[in-house]
Each structure stands twice: as structure tokens, then as C-alpha cells.
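**Student:** Read off the chains here:
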Amino acid sequence: MSLLAISLPGFPDAAPVAGLAGGVLIGLSAALMLLGAGRIAGVSGIAARAFGIGAGSMPRLGAWAFLVGLPLGALIVASLTGGLEASFAAPLQLAIAGLIVGIGTRLGGGCTSGHGVCGMSRLSQRSLVATATFIATGIATVAIMNAWL
Amino acid sequence: MRQLLVPLASGTIFGAGLALGGMTDPARVRGFLDLFGAWDPTLAFVMGGAVLVMAAAWLVQGKLLRPWFAEGFALPDRSDITPRLVGGSALFGVGWGIAGLCPGPGFAALVIEPVSAAVFVAAMLAGMVAVRLIEGHA
Numbered sequence: 001m002s003l004l005a006i007s008l009p010g011f012p013d014a015a016p017v018a019g020l021a022g023g024v025l026i027g028l029s030a031a032l033m034l035l036g037a038g039r040i041a042g043v044s045g046i047a048a049r050a051f052g053i054g055a056g057s058m059p060r061l062g063a064w065a066f067l068v069g070l071p072l073g074a075l076i077v078a079s080l081t082g083g084l085e086a087s088f089a090a091p092l093q094l095a096i097a098g099l100i101v102g103i104g105t106r107l108g109g110g111c112t113s114g115h116g117v118c119g120m121s122r123l124s125q126r127s128l129v130a131t132a133t134f135i136a137t138g139i140a141t142v143a144i145m146n147a148w149l
Numbered sequence: 150m151r152q153l154l155v156p157l158a159s160g161t162i163f164g165a166g167l168a169l170g171g172m173t174d175p176a177r178v179r180g181f182l183d184l185f186g187a188w189d190p191t192l193a194f195v196m197g198g199a200v201l202v203m204a205a206a207w208l209v210q211g212k213l214l215r216p217w218f219a220e221g222f223a224l225p226d227r228s229d230i231t232p233r234l235v236g237g238s239a240l241f242g243v244g245w246g247i248a249g250l251c252p253g254p255g256f257a258a259l260v261i262e263p264v265s266a267a268v269f270v271a272a273m274l275a276g277m278v279a280v281r282l283i284e285g286h287a
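Chains as they are written, first to last, in our numbering: chain V, 1 to 149; chain G, 150 to 287.
Some hints here could point you the wrong way.
Claimed, not checked - Reference listing, derived: stretches of chain G covered by chain V, where coverage requires no fewer than 3 residues with Cβ under 8 angstroms from a Cβ of chain V:
| no. | segment |
| --- | --- |
| 1 | 156-169 |
| 2 | 180-193 |
| 3 | 208-219 |
| 4 | 223-230 |
| 5 | 238-247 |
| 6 | 261-275 |
Hints listed in this document are in silico derivations from the structure and should not be mistaken for laboratory results. Where is the CB? At the ideal position from N, CA and C, for every residue including glycine.
One chain only, chain V, in its complex shape:
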């Protein structure tokens, strides 16, 4: 695992190799969904479909299978690497954030996976605008919280 621990000069906390490897896996996953099932691997849309919140043509069982796979994959990596670091915000903060993420992804028609990975790689104008927008407001939100909270 030492290769995965390579750092970036000037950014001691960054994990570029692990990040790139993780990204390639995400890309392969989305590629399998596209070429295998003919669909976009957009997590917010699939979640809405699984829970019967959104319409859509994806079979609901298939949506559930994808959702179950997410923690399963994380569990596999956690057991292979001997545990994963994770630092979460307080429950109230998570609840407020979750509510906003749920509303925003339904209105915006996607999240980091659907717009950020699947749409951007297709040069979809909607996804380019969406991704630029949520990265910008995400940066602004963290800056404001760091300055005033």
C-alpha cells in the first residue's frame, strides 16, 4: 500500500495516487452501468428511484442493488486496508446538510456522480454548468463556515 501513500509536494494531506485509483474505479463502475445496463450511474437519481421518490425507468430492484453495493464496496476496501479514516460533523449539521442535498439534487437533476462524472465526461452543457455551480457554492460554504463559525 506504500504506493497509495505517495504525497504531493506542498500538499502533505493529499493522497493523489489513492485518489486517482479510486477515481478510475468509479469511472469503471459508471462505465459498466452505461455499457452494461444502458444507464447513468447517478446516485441521487438511483436513490430517489429505489425509495419510490422519483419516477424513472430503472427497475426498482436494480436501483436497490446499486445502493446496496455502495456500502459493500466501502466495506471491502475498509477490510483490505485495515479501516478507513472518517471524520463526520455533528448530527444536527449532518441533518441540515442532508436536507439541503436532497432538495438540491432533485431540483438540479443530479449530484457529483451523475453530473460530475457521467455528464461532464460526455461534455453535457447542463452537467458542466451544474458541476461548476455546486463546486463554487461548496467552496463558498466552507469558506464562510471557516470564517464565521
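Following the hints, put chain G in place on chain V, whose structure we already have.
**Tutor:** Chain G in isolation, oriented as in the chain V frame:
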């Protein structure tokens, strides 16, 4: 069976990629968004790797008449930029910044920090339901 195996495999690889790339750690995601502080560029590598692979997949898709294990493609075809798209994405970014979580890592982290991740996911689903309820009455 294939109808389930393809999404199950896709979701599992996706979750593994998120975990390997550090995206199940909200502190790391917030580190990427902390552009004016102690910036952590890791997420850019994750996004870059994923987009590169998917760009190749789109090239392959263009040559396929139908998917390997399904009857046909069901893909988004809209290109209009609407206030709803921009406003919704702006909101999503705010929530993403507050928690350092987006939908994928929220589900994946259910096995890493079950209670915290469940709070986020439950609230997210409630937000999705709220949109549906409001639009249902509009």
C-alpha cells in the same frame, strides 16, 4: 439475474472507489472545498480519474447499438440550462460543503460511521420527498 448483477457490481465498484479515494471521509472532501485554507486536491484526482475512464466509455457507447445486458439505452438528452438546474445545483453545493458528503459517500459511509451516515441519508431522502410533495401540489 443480470438485471441485478450489473447494478450490484457497479454499485460495489463505485463504493470501493469512493472509499479508496478517501471520499468516505467528509473531512477530506471539505478539505477539497477549502480552497482558501488548507486545500486538499485529492478529490480533483478522484474526479479526474473517473471522468477520463468515463470519457472512453462514452466513445465505446457511441459504437453500440444496445447495451451489453439490456434492451436499450435510457440516457438523459436535455441540453437546456434552467434556473431550476442552476438553483438546485447551487443548493446541493451548500449542503455538500456543510457536511462534506454527497449522496454516494453518504450511502457508502453507512458501514464506516453508521449513525452519522444514516442521519445524513435520512435527511437527504426527506429533502427529496419534500421536493416531490411541493411539486405535486404545484
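**Student:** So, for every hint listed, does it hold in this structure?
**Tutor:** Hint check results:
1. 156-169: With 14 residues closer than 8 angstroms to chain V, the segment 156-169 of chain G meets the three-residue bar; holds.
2. 180-193: With 13 residues in contact (Cβ-Cβ under 8 angstroms with chain V), the coverage given for the segment 180-193 of chain G holds.
3. 208-219: n = 8 at 8 angstroms, threshold three: holds.
4. 223-230: Holds, because 7 residues of the segment 223-230 of chain G bring their Cβ atoms closer than 8 angstroms to Cβ atoms of chain V.
5. 238-247: Holds, because 10 residues of the segment 238-247 of chain G bring their Cβ atoms closer than 8 angstroms to Cβ atoms of chain V.
6. 261-275: holds (count 13)
Violation of the numbered hints given earlier is absent; every hint is satisfied by the structure.
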